[in-house]
Amino acid sequence: MSNDSRLDLAKKLVLALEKNNESDANSILDEISSHRETEIFHEVGRITRQLHDTMNKMGLDEERLSDMTKNDIPDAKERLQYVMSMTEQAANQTLNVVEELLPISKELNDQSDNLSEKWERFLDKEMPFEEFKGMAAELTKHFQNSKGSLKQVQEGLNDILMAQGFQDITGQIIKKVINLVQDVETNMVELVRITGAKGSVSKPEINTVLPGPVVPGVDDKAGDVANSQDDVDDLLSSLGF
Amino acid sequence: MKILVVDDFSTMRRIVKNLLRDLGFTNTVEADDGKTALPILEAGGIDFLVTDWNMPGMTGIDLLKAVRANPDLVDLPVLMVTAEAKKEQIIMAAQAGVNGYVIKPFTAGTLKEKIEKIFERIDG
Chain B
0 MSNDSRLDLA KKLVLALEKN NESDANSILD EISSHRETEI FHEVGRITRQ
50 LHDTMNKMGL DEERLSDMTK NDIPDAKERL QYVMSMTEQA ANQTLNVVEE
100 LLPISKELND QSDNLSEKWE RFLDKEMPFE EFKGMAAELT KHFQNSKGSL
150 KQVQEGLNDI LMAQGFQDIT GQIIKKVINL VQDVETNMVE LVRITGAKGS
200 VSKPEINTVL PGPVVPGVDD KAGDVANSQD DVDDLLSSLG F
Chain E
0 MKILVVDDFS TMRRIVKNLL RDLGFTNTVE ADDGKTALPI LEAGGIDFLV
50 TDWNMPGMTG IDLLKAVRAN PDLVDLPVLM VTAEAKKEQI IMAAQAGVNG
100 YVIKPFTAGT LKEKIEKIFE RIDG
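Protein sequence lines, in the order shown, are assigned to chains B and E. Heads up: the first sequence at position 219 corresponds to 218 in numbering that gives the first Met the number 0, and the numbers run straight through without jumps. Heads up: the second sequence at position 5 corresponds to 4 in numbering that gives the first Met the number 0, and the numbers run straight through without jumps.
Next up, chain B with everything else stripped away, as it sits in the complex:
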């Protein structure tokens, strides 16, 4: 809007106000503000256009960005969920076998202990014949038992072996997610640079989010974490534990 037309409108407004002509004054004010709004609208349009052009010049792909937000990130969440369920499954599979095998190995161990003690007495010629007959029967039973039990142990160990396959698969999935995070990071940094966003990014507070497991080389840089059980013990004993 030119200077003259603005001056003209201002004069008309003063006149209307002096005459107490409420409706004229209002319509003049509306006219002025509508001009102003149009200007702002144009300005926003111009900035948007500029941002779009700059992004294109910088090789930032808007479609890629929106694709990342719409598809890749939800997709990554699902992938990580899958990693969690796979690791849980593998851990359960392993624990199942361990729980099944521990009593078997304990039973074999007890039998061996019992028999070796008897065998010693037999070698020292301290065993009456009647007891020897009993021991021979026990030995036969132990051998038969061992055969079946050790076969079970072997099968179980094989199951544990196979359960470790999760490492390969989850590793590949996590690698993909890491790539996505890198992609997002690069685009975000570029976007922040272009839009010239300033101001500090606030850090999350410790009481709202627990820091969780220490990732070596990432979380232990500030020296405020215990790197081993010894560190914990030292700290606690310094507190009088």
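Keep in mind that the hints were calculated from the coordinates and are not lab data. Since the structure is predicted, the reported quantities are computational estimates derived from the model, not experimental observations. Ideal Cβ positions, reconstructed from N, Cα and C, are used throughout, including at glycine. Any given hint might turn out to be false.
Some but not every residue of chain E turned toward chain B, in silico, with C-beta under 7 Å [as the list claims (entries may be wrong)]: (1) Thr-10; (2) Arg-13; (3) Ala-84; (4) Lys-85; (5) Lys-86.
Selected chain B positions facing chain E (Cβ under 10 Å, derived; list incomplete) [said to hold, decoys possible]: (6) Thr-86; (7) Asn-178; (8) Val-180; (9) Glu-184; (10) Asn-186; (11) Pro-212; (12) Gly-216; (13) Gly-222; (14) Asp-223; (15) Ala-225; (16) Ser-227; (17) Asp-230; (18) Asp-232; (19) Leu-234; (20) Leu-235; (21) Phe-240.
Let chain B serve as the given structure and place chain E on it in line with the hints.
Structure of chain E alone, referenced to chain B:
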């Protein structure tokens, strides 16, 4: 000796349970966070509490504070087994009245040592 094991990951509960059984403690109960653990503790009969820190619902540190605030449970031995390793957190747990603190990942030996130490102190 009845032991309550509190952790939101069932695999970790199983590992702790198996280790405890190996140490001769066969009577164990499980809970998946502080909220479910507290009623079990309040019902009585638990002699020892092993708890994680970071759990949804109610965290281990809040559970510990609730235990110490309850006159019936004030002397219950509590062992914290957690991945939280910040020094200020360890100090926070000590101030809240924890009896032992084990960081994950841990070994069977460490768990055994800490449990034995706690009982030594109680008996002594």
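Outcome of the hint check:
| no. | hint | result |
| --- | --- | --- |
| 1 | Thr-10 | 4 Å, holds |
| 2 | Arg-13 | 5 Å, holds |
| 3 | Ala-84 | 5 Å, holds |
| 4 | Lys-85 | 5 Å, holds |
| 5 | Lys-86 | 5 Å, holds |
| 6 | Thr-86 | 8 Å, holds |
| 7 | Asn-178 | 26 Å, violated |
| 8 | Val-180 | 22 Å, violated |
| 9 | Glu-184 | 25 Å, violated |
| 10 | Asn-186 | 31 Å, violated |
| 11 | Pro-212 | 4 Å, holds |
| 12 | Gly-216 | 14 Å, violated |
| 13 | Gly-222 | 9 Å, holds |
| 14 | Asp-223 | 5 Å, holds |
| 15 | Ala-225 | 5 Å, holds |
| 16 | Ser-227 | 8 Å, holds |
| 17 | Asp-230 | 8 Å, holds |
| 18 | Asp-232 | 8 Å, holds |
| 19 | Leu-234 | 6 Å, holds |
| 20 | Leu-235 | 6 Å, holds |
| 21 | Phe-240 | 7 Å, holds |
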